[in-house]
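Please put together the full structure from these sequences, using the hints given.
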Amino acid sequence: GDSVTQMEGPVTLSEEAFLTINCTYTATGYPSLFWYVQYPGEGLQLLLKATKADDKGSNKGFEATYRKETTSFHLEKGSVQVSDSAVYFCALSRFSGGYQKVTFGTGTKLQVIP
Amino acid sequence: EPEVTQTPSHQVTQMGQEVILRCVPISNHLYFYWYRQILGQKVEFLVSFYNNEISEKSEIFDDQFSVERPDGSNFTLKIRSTKLEDSAMYFCASSSGETYNSPLHFGNGTRLTVT
Numbered sequence: 001g002d003s004v005t006q007m008e009g010p011v012t013l014s015e016e017a018f019l020t021i022n023c024t025y026t027a028t029g030y031p032s033l034f035w036y037v038q039y040p041g042e043g044l045q046l047l048l049k050a051t052k053a054d055d056k057g058s059n060k061g062f063e064a065t066y067r068k069e070t071t072s073f074h075l076e077k078g079s080v081q082v083s084d085s086a087v088y089f090c091a092l093s094r095f096s097g098g099y100q101k102v103t104f105g106t107g108t109k110l111q112v113i114p
Numbered sequence: 001e002p003e004v005t006q007t008p009s010h011q012v013t014q015m016g017q018e019v020i021l022r023c024v025p026i027s028n029h030l031y032f033y034w035y036r037q038i039l040g041q042k043v044e045f046l047v048s049f050y051n052n053e054i055s056e057k058s059e060i061f062d063d064q065f066s067v068e069r070p071d072g073s074n075f076t077l078k079i080r081s082t083k084l085e086d087s088a089m090y091f092c093a094s095s096s097g098e099t100y101n102s103p104l105h106f107g108n109g110t111r112l113t114v115t
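Respectively, the protein sequence lines represent chains A and B. My numbering numbers the first residue of the first sequence as 1 and each following residue consecutively. My numbering numbers the first residue of the second sequence as 1 and each following residue consecutively.
Fair warning: there could be bad hints in the mix.
Stated by the list, open to error - Simulated pairs of lysine to aspartate or glutamate, EDC-like, Cα-Cα distance not exceeding 16 Å:
(1) B:Lys42 <-> A:Glu42
(2) A:Lys101 <-> B:Glu98
(3) A:Lys101 <-> A:Asp2
(4) A:Lys101 <-> B:Glu44
(5) B:Lys57 <-> A:Asp2
(6) A:Lys101 <-> B:Glu53
(7) B:Lys42 <-> A:Glu8
(8) A:Lys56 <-> A:Glu76
(9) A:Lys101 <-> B:Glu56
Said to hold, decoys possible - From chain B, some residues computed to sit far from chain A (all C-beta separations above 12 Å):
(10) Pro8
(11) Met15
(12) Gly16
(13) Glu18
(14) Ile20
(15) Lys42
(16) Asp62
(17) Asp63
(18) Ser66
(19) Pro70
(20) Ile79
Please keep in mind that the hints were generated in silico from the structure rather than gathered at the bench. C-beta atoms are modelled at their ideal positions from N, C-alpha and C, and glycine is treated no differently.
Below is the structure:
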C-alpha cells in the first residue's frame, strides 16, 4: 500500500538557519505530493503541493521538488524564523476506486530558537 | 476563505459513553474524511465518505464507529461506546475532488478525552 516516510524529529534550529526535512514515499501510479503544517493547537494547513515529476511547490519561503527518480519530496527553507516552529507532515494523494486517498507521514516537529 | 468547522473543540466523556463529533465541511466539497491523532503521534486515517456512503475505512474504524451526513451541511462521527484508547484529536477534512490533486482542507479538530 501507499506509505510516506519522514525524518524523525524534533529538529531544532537557530533562527536564520537552513532547513531540510526529508520525505520519501511509496505509491502506485502517479500521486500528488503535499506538505501540511500544524501549528500548536491548530489543525493541519496546506503548505505547498506538487502534482507531477519535477514540479516545485513553494509557499512562505518553503520549497519542495517532486523527484520521481528518488521518490522524494524534501522540504527546504533557506532561513527559518521562530514563527516556523510547528509540526510538518508530508503526504501523498491519489485517486483510487473513484475517490481521493491521502496518506500522511508521521510528522516532523521543528523548533526554531532565537 | 471558506473553512471546515468542527464542534466541540474539546469533549470529555466517560468510558462506555457514546459521543458524536460534528463537522461542517466546505459547502461545495464532495469528499469527506475523518482522521485522528493520538497525542504526539502520527495522523491516522479513519474513514472517507463520498456520495453518501463510506468509500474506505481503516482497521481502526471498527463497529464502534459510524459516520453520517444527516443533512446537506453536517458530517458526523459517532463512537458508540468509547474506550480509553479513543482519546485523541479528531480531525475532519473535506475536498472538492475536482482533480486528483485537490488538497484536503482540515478543521481545527476536536480533542476527545475519555476518562
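So, going through the hints one by one against the coordinates:
1. The suggested pairing of lysine 42 of chain B with glutamate 42 of chain A holds, with an alpha-carbon distance near 15 Å, which does not exceed 16 Å.
2. With a CA separation close to 13 Å, the supplied pair lysine 101 of chain A and glutamate 98 of chain B stays within the 16 Å bound.
3. Between lysine 101 of chain A and aspartate 2 of chain A, the direct Cα distance comes to roughly 9 Å. Compliance with the 16 Å bound is thereby established for this hinted pair.
4. Annotation: proposed proximity of lysine 101 of chain A to glutamate 44 of chain B holds, straight-line Cα distance about 12 Å (limit 16 Å).
5. Under the criterion of a C-alpha separation no larger than 16 Å, the hint pairing lysine 57 of chain B with aspartate 2 of chain A is consistent with the structure, at around 15 Å.
6. Between lysine 101 of chain A and glutamate 53 of chain B the CA atoms are separated by roughly 15 Å; this keeps the pair inside 16 Å, and the hint holds.
7. As the CA atoms of lysine 42 of chain B and glutamate 8 of chain A are separated by approximately 12 Å, the hinted pair is consistent with the 16 Å bound.
8. Straight-line distance between C-alpha atoms of lysine 56 of chain A and glutamate 76 of chain A comes to about 11 Å, which keeps the hinted pair within the 16 Å bound.
9. Between lysine 101 of chain A and glutamate 56 of chain B, the direct Cα distance comes to roughly 9 Å. Compliance with the 16 Å bound is thereby established for this hinted pair.
10. With a least beta-carbon separation of about 14 Å from chain A, proline 8 of chain B lies farther than 12 Å from that chain, consistent with its non-interface assignment.
11. Residue-level check passed: methionine 15 of chain B sits 26 Å from the nearest beta carbon of chain A, beyond 12 Å.
12. Once the 12 Å rule is applied to beta carbons, glycine 16 of chain B is consistent with being away from chain A; the minimum gap is 28 Å.
13. Against chain A, the non-interface label of glutamate 18 of chain B holds: every CB pair exceeds 12 Å, the least being about 24 Å.
14. No beta-carbon of chain A comes within 12 Å of the beta-carbon of isoleucine 20 of chain B; the shortest separation is about 19 Å.
15. A beta-carbon of chain A comes within 12 Å of the beta-carbon of lysine 42 of chain B; the shortest separation is about 4 Å.
16. Distance to chain A confirms aspartate 62 of chain B as a non-interface residue, since its nearest Cβ pair spans about 19 Å, more than 12 Å.
17. Taking the minimum C-beta to C-beta distance to chain A, about 22 Å, the non-interface status of aspartate 63 of chain B holds against the 12 Å cut.
18. The claim that serine 66 of chain B lies off the interface holds: its Cβ sits roughly 18 Å from the closest Cβ of chain A, which is beyond the 12 Å cut-off.
19. Every Cβ of chain A is farther than 12 Å from the Cβ of proline 70 of chain B; the closest lies at roughly 21 Å, confirming the non-interface assignment.
20. Every beta carbon of chain A lies more than 12 Å from that of isoleucine 79 of chain B, the smallest distance being close to 20 Å; the non-interface claim holds.
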